[in-house]
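Participant: These protein sequence lines are chains A and B, in that order.
Read in order, the letters of the first sequence are residues 1 to 541 in my numbering.
Read in order, the letters of the second sequence are residues 542 to 834 in my numbering.
One should not assume that every hint holds.
Claimed, not checked - Lysine-lysine pairs mimicking DSSO-like chemistry, simulated, CA-CA at most 30 Å apart:
id: 1; chain 1: A; residue 1: 93; chain 2: B; residue 2: 713
id: 2; chain 1: A; residue 1: 69; chain 2: A; residue 2: 325
id: 3; chain 1: A; residue 1: 325; chain 2: A; residue 2: 46
id: 4; chain 1: A; residue 1: 129; chain 2: A; residue 2: 273
id: 5; chain 1: A; residue 1: 263; chain 2: B; residue 2: 753
id: 6; chain 1: B; residue 1: 581; chain 2: A; residue 2: 72
id: 7; chain 1: A; residue 1: 46; chain 2: A; residue 2: 93
id: 8; chain 1: A; residue 1: 72; chain 2: B; residue 2: 818
id: 9; chain 1: A; residue 1: 372; chain 2: B; residue 2: 713
id: 10; chain 1: B; residue 1: 688; chain 2: A; residue 2: 69
id: 11; chain 1: A; residue 1: 187; chain 2: B; residue 2: 753
id: 12; chain 1: B; residue 1: 562; chain 2: A; residue 2: 72
Derived by calculation from the structure, the hints in this document are not laboratory data.
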Amino acid sequence: MFKIFLLIISILNGVTLHAQISRGSIADYGNVIDLYYVNDSLNLAKIRTTANFLTDKSCNFLNGNKLPKRKKAFIRHVQFLTEAIEESYFKGKDLSPFQRECLYELHFYYLAFRAASVRKFNRVNFFDKLRMLYNTYKHCSGRKVKITDGIEQVIHSDSPFWHSFTEVRPVDRFDYIAKQKKIKVHKKMVVLMDKIGNDGSAPKVRVSDLDLDNEWNLKWGDEVHTDVVGSRIFSALGYDVDHPYAFLKDQVYLVFDEYSEVKSLEALKVKLKDQYGFNLEPFVSSYGVVNVEMTDSIQSLRSFEGLFYCTFKKCALEARPDRVKRIGPFMLEGIKLEENALLRGALIAHAFIDNWDTRTRNTLLSTVHKGKHRYRVSAVFSDLGTSLGVSVSPINGDFKVGLVNQLAWDVCERKGNKIRVMSRMNAEPIPYKQADYHDLFFVAKQIEKIDSIALRNIVLAANWPYPLAELYFHKLAARRASILQSFLIEDENPIYFNRHISIKENNEWIVKDGVLLVNYNGEDHPEGWISKKGRFRNYGH
Amino acid sequence: MTLTNGWMQSNNEHQLKLKVKDVQSFEPLFHSIQIGEGFKMITYDTLVYNDLYLDTEDFQLYKSGFSLRFRRKELNDNSVYSFQLKSEANLFGVERIEVDQFDLDIYEIEIEQQWVKLVHGLDAIFDESSENVNDFLKGIAQWCSNKYEAPLAPFQKLRELEERGVIDKVFKLKPVLKGISFRTRSHVVNNRYNGCKLDKRSDQLKQPKYFKEHKDVCWLMETSFDRSIFEVLHKDNHMEFEINEFEIENKASFPVEDRVYLYNFSTLIASRYGLVKEHYSKYKQVISATQSN
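Next up, chain A with everything else stripped away, as it sits in the complex:
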């Protein structure tokens, strides 16, 4: 009933739809312009070297590493940028502000594309793991940020890294961005099996939407709910994100057809075991052949009568829309992003959701198709699911996320002339190292704008069972309050929370005094809410 009430409120308030998201400006990080000038003139050869590198399909390797595939949309956009810059050269004019932006963007793509080819972004070796461990425990007593005086009312302009979205409510921004990317999600989804995933540690497969244009990553495990919340919070704060959606029992139908890499559930289980060491069996709900009765109730199954399908107890679908082309990481050496306050300030956003995996590889420079073969650049925060209560097991090389009892009630503490930000992160890209009080203050102000309704909607979207949802709501509200209190930000949208919340069902304490006591409804949630055994120990199965 409460969910319906909130839905009605959201609909009545409505989302104001406006024109496309503006590109904003990138600004000259690290004097990119100098790289492309010689003797006060544009260095055409240098520009073309960069552009040809990004577009020439005959060049497939860089320093022995395979370069990512160049998508047509990306090539088209690079050609557009190059031509815009070359116009200045051939017409004998100085670069206009727009052309300067094109040049920065071109160089940014160049760095991101190069980085995407480097081995370290594709595989995690022993030294990477050591480094992650070191970073995780480096700030176990909190990151200290010196408080500085004179907080001005800073106004940050839109850029590919952040948008103010002044006319879109924080709670609506996730769906607003999804609409721009033409992401369409339904209450029940039918998707077509393509191939097994080959990246990251979370088990996943690539599937096709029924429109055959868009794709999804179908995922299982402990990130199913957390990624949904992490992404929605980041988008509420003004950042671009991936778009994951959580589904419960029998809400997603995975159909195997002649084009699927594997043609049955058994084959799928074998492949997932090989690739990820993951046992899918506990997550499977049903398996069979699509029949007439099913197609009567789920019309989108009609074309697949006679084919094998399976459903799951729970899973997540993360959009891979055709409109978005992913290039490579955007937090890179070579681009001095420490000058970007919004990126530095993202540190507090990561802390808010207790995100652990803050490696550069989880930042993505991308192009978004605006229509009519025109694109805008966007910096996407990806893989925000390693959050909301993380346990790291160095001995086993394992980790688990979404452990509500591991999520602290507070994020920040103000002591003397410092603020202590308590969060464990496995990486500290340069912008986060350079983050100062002003940077964090600005993003903390954005956190203040997440009100009770927004937080409720975000938690609802995660599809947690009721006790978990309630506990997470109270904890996130408390964490929000600790941030605002630490930065002395007046809370104009106070959210009530109870650190001692208790929930009883059928005479059994599920949550007592703010602690989850039981592995609630474990049969339907195989990853478990309490056990610290994560994906590398098959969630204890």
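Given the coordinates of chain A, work out where chain B should sit on it, guided by the hints.
Facilitator: Using the frame of chain A, we list chain B on its own:
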């Protein structure tokens, strides 16, 4: 079955070109549907193509077995522009090359110190809508010179071929030949050869309307009947040439050894209408003819 004897292969597709000498007796083919031996032709549109071929002063691309052209395709009041590099089908030691560049609307050419859209320049040349067509031709030549090192797919390919030593360094491309073609397109099906599958699931989106509506029918072949007139762009030579060709292209993903329908259909058409195989591109045919004149 081995498809040789005139069939060209590129990108896993087979194509055959047949020269049409008597257009009048050939045209009725497109008014009928049942062809014979179970083959059915579904003629669905006629397009107009305008082409502008580029080469060096001494026809270096022609001699090396390549053609480079701008094309304007007109369909239902829409114009689509492309810039394409192609190799001759039987070029020894070189895989069949076909490299396209679209989105030409972002480029400009300089005409008498004024900058105009490249596509408008092409329009002026194709439609002869300006008194200064020669200025536009010079503008195109200058554009080629300016953009030869730029990130355009046909130029990238030419540079790659230069690096590999397949062709000599290309200097000063300019327009050398202009043409207009009227292309009648048809699908060819035959119930005896159904049951083909698409290579990729997403190929369903690229299927023509007829096959989306008749999902049980296999898209065996695509044919194009081109009636073309070419004009040499030389200050001392404005010869015109007429070329009429019928091209058959395989579309079904049957294994090569199962593509007997290609042979049966082409033999049926060739023998009925007295068509002979043509191995060379239109460009090569025309330039060869000018060289021998």
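Participant: Checking against the hints above, which ones are violated?
Facilitator: The structure conflicts with hints 6, 8, 9 and 12, although it agrees with all the remaining ones.
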